[in-house]
Each structure stands twice: as C-alpha cells, then as structure tokens.
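Chains as they are written, first to last, in the UniProt record's numbering: chain Y, 1 to 274; chain Z, 1 to 350.
Derived by calculation from the structure, the hints in this document are not laboratory data.
Relax, there's no trap hidden among the hints.
Result set (SDA-like, lysine to any residue): computed pairs, CA atoms no more than 20 Å apart in a straight line:
#1 Z:Lys128 - Y:Trp187
#2 Z:Lys151 - Z:Gly62
#3 Z:Lys128 - Y:Pro168
#4 Z:Lys151 - Z:Leu119
#5 Z:Lys128 - Y:Pro196
#6 Z:Lys151 - Z:His178
#7 Z:Lys118 - Z:Gly135
#8 Z:Lys128 - Y:Pro192
#9 Z:Lys128 - Y:Leu193
#10 Z:Lys128 - Z:Met111
#11 Z:Lys128 - Y:Leu191
#12 Y:Lys42 - Y:Phe32
#13 Z:Lys128 - Y:Glu170
#14 Z:Lys151 - Z:Asp200
#15 Z:Lys128 - Z:Gln80
Footprint (simulated), chain Y over chain Z, 3 or more residues, beta carbon under 8 Å:
#16 62-74
#17 81-88
Just so you know, these numbers come straight off a predicted model, no measurement behind them.
Just so you know, even glycine gets a beta-carbon here, dropped at the ideal spot from N, CA and C.
Below, each chain spelled out in residue letters.
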Amino acid sequence: MAAAGKRERRSLWIAAIPMALLALSCVYPIYFAVNNALKTSKGYILDRFGLVTDPTVQNFADAWGRARFSEYFVNSVLVTAGAVGLLLLLSSLVGFALAMLRFPGRRFVFVAILAALMIPIQVVLVPFYRTVEGLGLLNTRVGLVLAYTAFFLPFSIYLMTAFYRGLPRELLEAARMDGARFLEVWWHVMLPLGRPALLTLGILNTLYCWNDVLISLLVLQDRRTLMVGIAALRGSTRPTCRSSPPGSCWRRRPSSSSTSSSRGASSAASPWAP
Amino acid sequence: MIDLRHVSKRFGGHTVIDGVDLSVEEGEFVVFVGPSGCGKSTLLRMIAGLEEISSGDVWIGGERMTDAEPYDRGVAMVFQSYALYPHMTVAENMGFALRIQGLGAAERRRMVEAAARKLHLDHLLDRKPAALSGGQRQRVAIGRAIVRDPKVFLFDEPLSNLDAELRVQMRIEIARLHQTLANTMVYVTHDQTEAMTLADRIVVLRGGRIEQVGRPTDLYDDPDNLFVAGFIGSPRMNFLPGVAAGPDSVRVAGLEVRVPGLSSRLAPGQEVQVGLRPEHLTATEGVEVPLAIEVVEQLGAMAYVHGSLAPDVPVVAEWRSGRPRVGERVPLRFDPRDLRLFDREGRRIR
Ligand SMILES: Nc1ncnc2c1ncn2[C@@H]1O[C@H](COP(=O)(O)OP(=O)(O)OP(=O)(O)O)[C@@H](O)[C@H]1O
Ligand SMILES: [Mg+2]
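Please build the complete structure, drawing on both the sequences and the hints.
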C-alpha cells in the first residue's frame, strides 16, 4: 500500500517537471514584459534581463497617451464587446433553430455552415475587403464588429447547434404547450439552458476578437485596435524600444504557442484556419 | 369535447395514423392502448398540436383546431420524460404558462400554490427539478398541467418511469384528480391495469387504426376481434383451434361443445378460433376437459397453471383453490357461455 503510494508520488513528480517547465515558458514572457516595461530607457539598455531597480510607470503613461493607446483600447473594447455579444445572440438563435425546429433544408444549411468553417480567412481577404469597402464600412467600428461576427459565426453556430441537439426536444414541446412562441421559447428556455456553451463561446470569441490583427488592420485602417497599435509600434521607425513591452502587457493570449516571441502581424490572424 | 374526423398522419410515405375517427365526451377519461409503435403517442400529439395532421380534422370544444397552435387548443400535456425546465424551480416550472400569459407574480404564486396543495407539492416549490425524486417530478409535471386549468389533459405514458409501488400510488392519485377536476383526459399507456382501472373508455389501436372502442369491461367481456381479445387481459385469453360441427356447435380439444347465444349460424366444417379466458377454465360446473399440468406460477392467492388440453393445445388456467402440482392430470370445467368464437380473419362470430 505504502509502496504503491510512493510509486504514485514519484510518477507525479516526474510528470510535474515538464509541467513546471511548460508553465514557466508561459509565465516568463509575461514577467519579461512587465519587468522591462517598468525600466527606464537607460536601465533597459544596460541590463535587459536583470530585475528592475528603479521602477517607473512613465512608459505606461507614454503608451497610453502619446502612442494613443487609450483610443485603441476603447476601440478594442467596443469592437470586442459588440462582436461577442452579436455572436452569442446569433449563434444561440441559429443553433436553436437548427437543432430543434423542423424546416425544409435545415440539413443543407447546417452543412453549408460547416463548409464555411473550412475556409481560411486569408483565402477570402480580397473579396472581403472589397465587400467592406463597397458597403462603406471601411474605418468604422460597426464594420469590424460585422467582420468578426461573420468570420467567427460558423464555429459558434456549430457549437451551439451541437449543444442544443443534446437537449431533449420535449423541452421545446412543453414550452409550446405552455403557450410560448418561438422567441419566448428561446428567451425563457433555450438561452438559460445554453449558458455553459455560451460561456465557452464567449471566452473563445473574446480572445480571438481581442487578439486579432489581420482583420482589424484591414477594416479599421486609421483608427486601430490595441493589437494593431502594438504591432505597429513594434515596426515603427521611432527608437521606442521601451514602448513595446508596456504595449504587449495589454495583450492577452489564448495559448502559450503564440506567446513565445514577437511575430509579424499575421501571427494573430485567423484562429480558425487550419 | 374532442372530435377526430378521419385524421391521418404520414411520415414521408409511411402512414402511421390511418383515418381515425373518434369522439371523446366532455369529462371523459379515455385511454389509448396498443402494441409498441402502433401510433398511440402520435395520435395524442396530433390532438396536442405537436404533430402536423396530414389529412382529416381535429375539433376541440366545438372548434376546428386542425391547424391551431398547441396552446390555443386549451390542452395541457404531461410527457413521459416529464420535460421539466431544469433551470427553473418547481414554482417557476408550474407558473411558466401563466408567466407567458402575462400574469403578475403575486397571482401566479397564488395559483401555483393552489395547484401545489392539490398534489402535495407545497414544500417543494423552491427546489429545482434535479433535486426531486421521480415521483415528485411526475407530480410537478402534472401540476404544471393543472395550473393552467385546461379543457383537456393529455398524458403520454406518465407513469412508465416510476417503480411499481409508486406507479400504483400515482395511478390512484390521477384517478382522484380526474374525479375532483372532472376534466376531459386522454391517457396513453401500455399498462393493462392502468387502462382497465382509469378508463371510462379504452381505445385499442393497432397499426394506426382503431380496433375497438368501449368501456373496459365491454372490451374484456365482448371483444370485437381476436386482436382485442388477446390484447386486453393478462394473462391473455387462450385461443384454441376449432372446427364448426353444427350451426351452433364447435369441435375443440376433442370435445363437441354447443355454444349458446350465437345469432349467426356456423357453416359446418368452418375453421374457428375458440377463445377462453384463464379464469373461465376453473368453473365448478360445465363441460369437463382434462389438463396435463406443465408449469405452475404460484402467486399465493392464486396460481397460473400452464398445460395442454390435447397435444398442441396449450392453455393457461387461473387456479383459485388448492395447490396444483406439475405433472398432475386434472379435470377442468368451463361454461360454454364463456366461449368467444372468431373466424379465420380474426373477426368475432356473435
Ligand atoms: N418523426 C417521425 N418520423 C418518422 N416516423 C415516426 C416519427 N415519429 C413516429 N414515427 C413512427 O410512427 C409509428 C408510431 O409511433 P408512436 O410513437 O406513435 O408509437 P407508440 O404507439 O407511441 O409506441 P410506444 O408504445 O413504443 O410509445 C412508429 O412506427 C414510429 O416509427
Ligand atoms: Mg409512445
């Protein structure tokens, strides 16, 4: 018994070492960014890796003010909130319809949505840009909200449909017997019951919208979201090696793989692309 | 109250309900029975408005409701799976229909509490369905139906998920409910006892058609055909192959028996099926026939005895006195008036 416990503990330790390394690889870049963001220019040039000695928040203030991050931040928040809200609303409605209602062609619609899931964003960039331009939505936040919604909707619908398919049809029928019409069934029954799936979708879509650079770069060309701002800062000619680390503190990442180093704008492109 | 006028239901090319005509009186308790897949649930759901009607008409309370929305039909339904809303409390579940109607919270609460008292649910009103036992969920489902005070209650096998004891209890409760509310009820089951005890009238369905409609005792004593005779009653009626020996007598199990009370005449040599219920095989007087006992199902108060009257003529007899033993050969008696005759197509010969 005790021997078994010991062996178990040892195997736990063996597993813990790579886990810890993995965790460290995720935490270190954050530490590195925060640490350097608090240094002055001089401190940064003299010692890149050492712990900060005379912390200053001046860099943050510069980024917020002079580099117009405050404006970008508002753009990011508004666009992300708008897109995620719209995505949740639409995917829950469509998922309910596809999973529960019987109407001709519903299988075809579902397959078409699945097919849309296979198309990487890069492939449709040109027609997408033309469409946005043609609609007069270039450089508007509404345009970006709609663009995010369009690109992330297929997956969201797929997830909600799969989730609602798992619920018994009798719930819908009971609600109809109780006198609820389509939207009332959705509002009173389907939306509350879909909460676990909606929560997951909300988190995923928030991350993707917040971290996107590619779509944002195309649609909001002179207003910029935060991620575009950070990406631009990195490539700008001004010697602001300092402003980049505080900038990247704003950045939240979905996984450790994209955390590893600074990459070009395309690194945060389509999360759905294979 | 409910009038089904030649209603049919087709799924694709497959006819599931085939031209059913049925009329249910106000306050009546009607039970649909039939083998699995015969279309009981489908017919009930057509009345509820959950299943589109392919042809024919449904009238409820004197109005044509063929295309009406479920709620507008004034019917409430209790589902086999209960279909309680898992995210709502018992009170919210029961009050949902009232909330959709736009009633205020206070009035809703008052009506829900009144219904809950009838079903002894008062102390459970603030629980979620997940925290209830099967029987309690069942009662909530019924409560949800009675809160609305509908003209018609529809039940689709409401007790089939309960254990035997609870089922008996709920059966009595439903019977009591029907007495106090006096609403029209349509009830689907494949439990014989539920059908016999609850029904004012039983509708026997087979393959989407009505085989017979009648009071439980009528179906039991006077079935229209072989199917109803075999379906109603447990253990089922014995069917013995026979041949007409005269205009009103048959040769069965080596005996020639005169069947009294026949209005039609048998053609001598005509093949018939002779039906005889297990409890009619142990009469104290009448025609005597020997039985070789093969299996005994002893239930204490009575026993079901399986044996054969002649080679290849197996029967079941209900034994109320003594303790029969396997291997014995005993004389049985039956009254020829208890015989039911059916022709080759299974139609009753009266
Ligand atoms: N949506 C559907 N599509 C196609 N066929 C269906 C559909 N619903 C039911 N059926 C068919 O209709 C027939 C009757 O089904 P129904 O559910 O009414 O039977 P039932 O008498 O209630 O059976 P059970 O006692 O098993 O509940 C079955 O053969 C079933 O396969
Ligand atoms: Mg059924």
